[in-house]
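**Q** Hey, can you work out the whole structure from these sequences and the hints?
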Amino acid sequence: MVDLSINCAGIKSPNPFWLASAPPSNSAYQNCKAFEQGWGGTVWKTIGEPVMNVFNRYGGLDYNGQKIFGLNNIELISDRPIEINLKEIAETKKLWPDRAVVVSLMVESKRETWHEIVKRTIDTGCDGIELNYGCPHGMSERGMGAAVGQVPEYCKMITEWVTEVSTIPVLVKLTPNVSNIQLPARAAKAAGAHGISLINTINSIIGVNLDTFELRPNVGGLGGHGGYAGPAVKPIALHLLSQVAIDTEVNLPISGIGGISNWRDALEFILLGASSVQVCTAVMHYGFRIVEDMIEGMSNWMESKGITSLDQIRGKSLSRINDFGNFDLLNKTIARIDQKKCIHCNLCYIACEDTAHQCIDLTEENGNSKTEVREKDCVGCALCSLVCPVENCISMVRIDDGSASKTWNQLNEEFRKSGKQMTWENLAEFQHKHGIEIH
Amino acid sequence: MKNIAPKLPAEQYEKNFMDLHPPFTNNSAVAEANRCLYCYDSPCMKACPTHIDISTFIKKISTGNLLGSAKTIYESNWVPLTCAKACPVAVLCEGACVFNAKGERPIEIGRLQRFAIENYFEKDMPALFQKLPKNGKSVGIVGSGPAGLACSAELSLMGYEVTIYEANKIPGGLNTWGIAPYKMRREDSLKEVELVKSFGVDLKTEVMIGKTITVDDLLKKHDAVFLGVGLGESPQLSIPGEDLTGVVGALDFIEKVKTENWEDVHVGKSVAVIGAGNTSIDAATEAKRLGADHVYIIYRRSDIEMSAYDFEYELAKKDGIVFHFLTSPKRIIGKDFVEGIECLKMKLGEPDNRGKRKSVPIPGSEFIIPVDMIIKAIGQETKSNFLSSIPKITLDDEGCVIVDPTTYQTNNPTIFAGGDCINGGKEVVNAAYDGKRAAYGIDKFLSIPKGGK
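Protein chains in written order, with the working numbering: chain A, 41 to 479; chain B, 154 to 606.
FYI, nobody ran anything at the bench for these hints, they're computed from the structure. Here the structure is a predicted model, which means the values were calculated and not measured. Treat the hints loosely; a few may be bogus.
With a cut-off of at most 35 Å between alpha-carbon atoms, the simulated DSBU-like pairs for lysine-lysine come out as follows [stated by the list, open to error]: (1) B/K212 x A/K274; (2) B/K199 x A/K380; (3) A/K381 x B/K199.
Pairwise CB distance ranges, derived in the manner of DEER restraints [said to hold, decoys possible]: (4) A/F95 x B/G473: 52 to 58 Å; (5) A/R182 x B/S181: 41 to 47 Å; (6) A/K381 x B/G502: 39 to 45 Å; (7) B/G217 x A/D333: 31 to 37 Å; (8) B/G473 x A/N96: 53 to 59 Å; (9) B/V244 x A/N406: 17 to 23 Å; (10) B/G502 x A/N406: 29 to 35 Å; (11) B/S181 x A/R304: 26 to 32 Å; (12) A/E404 x B/D446: 52 to 58 Å; (13) B/V244 x A/L358: 51 to 57 Å.
All residues carry an ideal CB built from backbone N, CA and C; glycine is no exception.
**A** Printed below as a string of structure tokens:
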């Protein structure tokens, strides 16, 4: 049997799947329903200052017929009073003692206000606190949310106000709308945070209506930036997660967020260092029921790999993250097309011909088109294999034996030692020696 | 007819002749268009006899550029609505779709083309092409079927004065009169005629060349003439009883059905269709859908030799048509009306000179199928009487007009021809291609200065 249970900064749950602090985790009704369906935890939708929402809050990005490839929102924090939320949190935790109930907080930047809300939150019996320093719209203009997350000093100051009174774990949720995610993460660490959650939503305008010239979402003719989420943001989230996970100055447990739609996505976050994962857009699209496949799919995958606990794989891919200068320049791969599998769509040809290195020939054979890689010219960029719609039809094949490995850093060092400059001529000589012709 | 099938309620007729392939909604069209891989130099385009740039028009549907999509289609084909609905797509574009090789459902190209073109007509046909100034030359087009329409459209945009002579009162040729109503209604064909007319083409209906106007006058009046006259009557079965009441030709029958006055088309309670081509299937399914209880298709060879497409065969079987393969009609029985057909069982022998296996009668195997109506669908003859009246053109053994394969010029340099009258009967899409190519041939011919080389 595999064990999906996790411990994220002292917050335990039977599986790594938590609802993210968002509309799906707005009420006791919703969170209890999610728990019934198997969710391991929830981060209660942010409670705090009085707010009032507008009616039209979401904009969807559809791509090639796929609905909600990305989702943008201008919804604010909970629009229900703190008292009601705290009461429902206490009831929910009582009903579901084995699940993680984390409460997201956002109040004005006053030490006393933070002290008060933290104490009242702890009184609910919840398992942890998440500080919302990420909300990019509506709240940030009022000096909260991303306005805090974008300034490491504020981030540190407010986190300290919380940690100095909190008796339960504190997660700091970061905004991706910064140039260096490590700085606010370090500030949180310095202030005594127990863990990091990331990413919050990305600043975005989802689109413009070509008939009315209005933005989406459209509030009575007006629109503005909103928070972008959904499958489209996953690669950005994975990168930012890895940046925090490899930062030895941070070294905190991480709850990963950003476009996680299924167990595969979740595993990628875990392999890059996440302890728990938070999901929002996918449940907003399909409902809480998706967790069944998430649990089952992850369990089956672990069983097939002989993995019994997520601890065995957490952060396992982080060691693969490296600098470009350490990549082997002589690790030669080229594309090979399996003619038996080819369906003659010629997408590899046109992609290579127009936008890559013009090394696929398009000819005719028995009335069918034939695409063939000119191997001596192929730079192994892999574009053809990416556009190919047939599984395993174009494979990237390594053709060197590994004996002549050389990285950019090593090459520069070698040149330096032998008194050579890094010039086009010297580089061409190196390339020529290794049978690499750039045309 | 001895036993006429009872008439059906009006809504039953409409149900029976409803679209086999209903139109896409906007969303479903975009979803299907998005499924297209947008192949480069795509196999579907090569498989289309008119070489429509299919992946491009589909891509344009996916981006909502529907006008551009229609333009891409019209650049190659002037009767795309008919083609979208009547083409045997399974053996042409959709049969070539790369998804087949991938083990997946091919893109529904026919329905997507229909979507783009129907949208174009709904938008009242905004101009897609600029017409060149008049060049002072005139071309006469005989027949307003797909070949004639394509040739007219192309020449008219090039600046020629074009007149179409159509014998029928309602134009469009087989596009109007020959396509089963569950595939396409008459009004669709007439929309395509209207588009061609909108380029300034003068369409004269109920004009029979050789009768209303002499061939000589026609040739004198125009700098060049295009013949798109199609084919003529079904040949005789040449068996006893063929003149009994209740024996009809398939084309005449289908034409009657295409008036869409369903109640006025009488069919027998039991109907035998002789022949197993695509027209036979149309006639048989139409008879069934008009209320016939039993419809038989009688064919002297086996299902392997029959020329009907697989999907047509499947449709007929679904409609409950009973096939008598290896069966040859011997005589039609009846006093004044058809009462039955006596047939002979056959077996397959050696291949004939076309490679089709001959069918050989089995002596003493006679049997009678009681029927009230017999539809002859054993092909069509060329209009050899008319064609032989035209000076200096030559016909092949089958009676088809011989033309240059690139210019479509006949032996008579001012006369060009295309469509069924040169190929003996192919698809609408082949005729559309011929007409267009012939227009280029005519333009090339008329662009040579008189007296020059």
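**Q** Hints first: check each against the structure and report whether it holds.
**A** So, going through the hints one by one against the coordinates:
1. B/K212 x A/K274: Since the Cα atoms of B/K212 and A/K274 sit roughly 27 Å apart, the hinted pair holds (cutoff 35 Å).
2. B/K199 x A/K380: Holds, at roughly 21 Å.
3. A/K381 x B/K199: Roughly 20 Å between the alpha carbons, so the hint for A/K381 and B/K199 holds.
4. A/F95 x B/G473: 52 to 58 Å: The hint (52 to 58 Å, Cβ to Cβ) holds, given that A/F95 and B/G473 are roughly 57 Å apart.
5. A/R182 x B/S181: 41 to 47 Å: Once the Cβ atoms are compared, 45 Å apart, the range 41 to 47 Å for B/S181 and A/R182 holds.
6. A/K381 x B/G502: 39 to 45 Å: For A/K381 and B/G502 the Cβ distance comes to about 43 Å; the hint holds.
7. B/G217 x A/D333: 31 to 37 Å: Since the Cβ atoms of B/G217 and A/D333 sit about 34 Å apart, the hinted range of 31 to 37 Å holds.
8. B/G473 x A/N96: 53 to 59 Å: Holds: the Cβ-Cβ distance is about 55 Å, inside 53 to 59 Å.
9. B/V244 x A/N406: 17 to 23 Å: holds (19 Å)
10. B/G502 x A/N406: 29 to 35 Å: holds (33 Å)
11. B/S181 x A/R304: 26 to 32 Å: holds (29 Å)
12. A/E404 x B/D446: 52 to 58 Å: Once the Cβ atoms are compared, 53 Å apart, the range 52 to 58 Å for B/D446 and A/E404 holds.
13. B/V244 x A/L358: 51 to 57 Å: At roughly 56 Å between Cβ atoms, A/L358 and B/V244 fall inside 51 to 57 Å, so the hint holds.
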